[in-house]
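Whole structure, please, built from the sequences with the hints as guidance.
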Amino acid sequence: MVERRPLTSLLTHFVLVLGVIAIALPIWITFVAATHDQYRMNQVPLPLWPGTHLWDNLSQTLFGAGLSGTEGAPVWLMLFNSLAMALMISLGKIAISLLSAFAIVYFRFPFRMTCFWMIFITLMLPVEVRILPTFEVVANLGMLNSYWGLSIPLIASATATFMFRQVFLTVPDEMLESARIDGAGPMRFFWDILLPLSRTNIAALFVILFIFGWNQYLWPLLITTDTSMTTIVMSIKQMLEAAEQSPQWNIIMTTALLAMIPPIFVVISMQKLFVQGLTETDK
Amino acid sequence: MLKRVHFPSSPLPYLLVAPQLAITLVFFIWPASQAMYQSFLIEDAFGLGSEFVWFENFEVLWEDQHYLDAFWRTAIFSLLVAALSMGFALVLAGFAQRVVRGAMAYRTLLIWPYAVAPVLAGALWVFMFNPTLGIFPYFLDFVGIDWNHYLNGNQAMALVVMAAAWKQVAYNFLFYLAAMQSIPNSVIEAAAIDGAGPGRRFFNIILPLISPTTFFLLVINMVYAFFETFGIIHAVTQGGPGTSTTILVYKVFNDGFVGLDLGGSAAQSVVLMVLVIAMTVVQFRYVERKVEY
Chain A
1 MVERRPLTSL
11 LTHFVLVLGV
21 IAIALPIWIT
31 FVAATHDQYR
41 MNQVPLPLWP
51 GTHLWDNLSQ
61 TLFGAGLSGT
71 EGAPVWLMLF
81 NSLAMALMIS
91 LGKIAISLLS
101 AFAIVYFRFP
111 FRMTCFWMIF
121 ITLMLPVEVR
131 ILPTFEVVAN
141 LGMLNSYWGL
151 SIPLIASATA
161 TFMFRQVFLT
171 VPDEMLESAR
181 IDGAGPMRFF
191 WDILLPLSRT
201 NIAALFVILF
211 IFGWNQYLWP
221 LLITTDTSMT
231 TIVMSIKQML
241 EAAEQSPQWN
251 IIMTTALLAM
261 IPPIFVVISM
271 QKLFVQGLTE
281 TDK
Chain S
1001 MLKRVHFPSS
1011 PLPYLLVAPQ
1021 LAITLVFFIW
1031 PASQAMYQSF
1041 LIEDAFGLGS
1051 EFVWFENFEV
1061 LWEDQHYLDA
1071 FWRTAIFSLL
1081 VAALSMGFAL
1091 VLAGFAQRVV
1101 RGAMAYRTLL
1111 IWPYAVAPVL
1121 AGALWVFMFN
1131 PTLGIFPYFL
1141 DFVGIDWNHY
1151 LNGNQAMALV
1161 VMAAAWKQVA
1171 YNFLFYLAAM
1181 QSIPNSVIEA
1191 AAIDGAGPGR
1201 RFFNIILPLI
1211 SPTTFFLLVI
1221 NMVYAFFETF
1231 GIIHAVTQGG
1241 PGTSTTILVY
1251 KVFNDGFVGL
1261 DLGGSAAQSV
1271 VLMVLVIAMT
1281 VVQFRYVERK
1291 VEY
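Residue numbers (my numbering), protein chains in the order written: chain A, 1 to 283; chain S, 1001 to 1293.
Don't read these hints as lab results, they were simulated from the structure.
As the structure is a prediction and not an experimental result, all values here were calculated from the model.
A portion of the hints provided could be inaccurate.
As the list claims (entries may be wrong) - Away from chain A, derived, C-beta distances all over 10 Å, residues of chain S:
| hint | residue |
| --- | --- |
| 1 | Leu1025 |
| 2 | Ile1029 |
| 3 | Gln1065 |
| 4 | Ala1075 |
| 5 | Tyr1114 |
| 6 | Trp1147 |
| 7 | Met1157 |
| 8 | Ala1158 |
| 9 | Ser1211 |
| 10 | Ala1235 |
Unchecked claim - With beta-carbon atoms standing in for the labels, derived distance ranges:
| hint | chain 1 | residue 1 | chain 2 | residue 2 | range |
| --- | --- | --- | --- | --- | --- |
| 11 | A | Glu177 | S | Arg1200 | 53 to 61 Å |
| 12 | A | Glu136 | S | Arg1200 | 57 to 65 Å |
| 13 | A | Glu136 | S | Phe1203 | 28 to 36 Å |
| 14 | A | Ile21 | S | Ser1033 | 48 to 56 Å |
| 15 | A | Pro196 | S | Pro1212 | 31 to 39 Å |
| 16 | A | Glu244 | S | Ser1182 | 25 to 33 Å |
| 17 | S | Asn1204 | A | Leu11 | 15 to 23 Å |
| 18 | S | Pro1184 | A | Ser178 | 34 to 42 Å |
Here a beta-carbon is modelled for each residue, glycine too, at the ideal position from N, C-alpha and C.
Next comes the structure, spelled out in structure tokens:
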């Protein structure tokens, strides 16, 4: 700050606090809804202050019947499915992008640029624009209702490949020269020098990709018909539909809360890596 | 982009790029070319055979009033989302960069909607605006507004715009804050010595200096509103009431998976592909080239 203006400072904090309230309000209301019983959640006006039923709702949602009147999978299984999908997508993307960036930066081989452009094209083909034919491919390969079908079609990544390419380009040439003098082969160099050097980049990318994987919606919606493969994010939509018949908002919002907590926890606890990952991948 | 010092050619690099290329070919390039091929076909009413018709699907699309409406609706929707979330983020970042102590605390409190899935964001907003139970319709009733987004198309549009913008504020805030913090302090101080107050400095110094960020965010937000808001629409309105919130991505899904119009859906996919490619080109051409101060 360049000058002392008590009034402006007051206004600053006032506006920021208002902004925080506006941003946090939907999440607060979700939390409040998850702490009341069903009876209270059907009376107008709805509460704005937490009640005492959080543990009842949590245990009913996680291990009990969940939403009555629907025949879905138990919520703990959905959480597990989401976790498996998010981890497979994020780790898979990181692994194959590291390998292809390594090949493109450190090897001269025929069709190198062809490979590069083919990876680049994936940037221009989000799932949303090729849903039907991709669905057919996955169905023909027999990957419907499987973890493989949920994750593999999403793990090609141009952004991750570009990011690792940038990182590798900043590694000094002397590293490779000295490694070769010491008799290290390509894979040895990759494991012992490149991987440790890009550790923070990998972590930052993991934060972003974990959120990306956890929040997938359209793709799981298309390829899972078996309720035991439902992910938690998908289940919210089914519950909203059920809510039109029997409004059990306390259970629905508890489920929503459970679906939000893992990615929010990742963002808040690894905030520095998150910001780094966000700014690196989008340039 | 190749290292000056590199490994000699061997089968190894092919093995290294093989997994990425295999997935790209099987799940990206092949389906995209299938979509392109199908967009030239019309299936007969029983799905028994199909006829190659060149651009007829596109001509039908171009004359279809529903499709043209969806196009305009998508444009308006994405502009509203971009304007609302960027405006909100700009104001917050403008104030947050003034705070010396506690700026990081505000950042922590403002970034979490980024982590919320679009469909969840939709669920939260649909709950808050539930016509019979929701908090906001209850208060809106006092000022004489009868809220029912199941019946009123404009209210439904307002609701999806708010939900989509809310989720994106965090992202815009982070980029605006970073851009403002990278402005040299001496520039701000010089303006202050010349007698410019905080408001004047914001509009005459900070805003022009962060214009590259504004442009970058505009592109990113348009792409977000075009393609990533499917979950919000699906959870909140399912394109309704009528077709008042049917945006292009939702229409592709709806015509293809619900209406089973393969040729028409494929033609729409191709149009969307062209749009993504155009946006990506804009993003790379203008965003990479940093505007000089």
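Each hint tested on the structure:
1. Leu1025: violated, 8 Å
2. Ile1029: violated, 7 Å
3. Gln1065: Per Cβ check, S/Gln1065 is outside 10 Å of chain A; nearest 23 Å; holds.
4. Ala1075: holds, 17 Å
5. Tyr1114: violated, 6 Å
6. Trp1147: Correct as stated: the minimum Cβ-Cβ distance to chain A is 13 Å, above 10 Å.
7. Met1157: holds, 18 Å
8. Ala1158: Given a closest Cβ separation of 15 Å, the condition holds.
9. Ser1211: Check passes; 17 Å lies beyond 10 Å.
10. Ala1235: violated, 5 Å
11. A/Glu177 to S/Arg1200: 53 to 61 Å: holds, 56 Å
12. A/Glu136 to S/Arg1200: 57 to 65 Å: holds, 60 Å
13. A/Glu136 to S/Phe1203: 28 to 36 Å: violated, 54 Å
14. A/Ile21 to S/Ser1033: 48 to 56 Å: holds, 50 Å
15. A/Pro196 to S/Pro1212: 31 to 39 Å: holds, 35 Å
16. A/Glu244 to S/Ser1182: 25 to 33 Å: violated, 49 Å
17. S/Asn1204 to A/Leu11: 15 to 23 Å: Once the Cβ atoms are compared, 19 Å apart, the range 15 to 23 Å for A/Leu11 and S/Asn1204 holds.
18. S/Pro1184 to A/Ser178: 34 to 42 Å: Roughly 39 Å apart at Cβ, these two residues keep to the hinted range, so it holds.
Against the hints set out earlier in the document, violations occur for numbers 1, 2, 5, 10, 13, 16.
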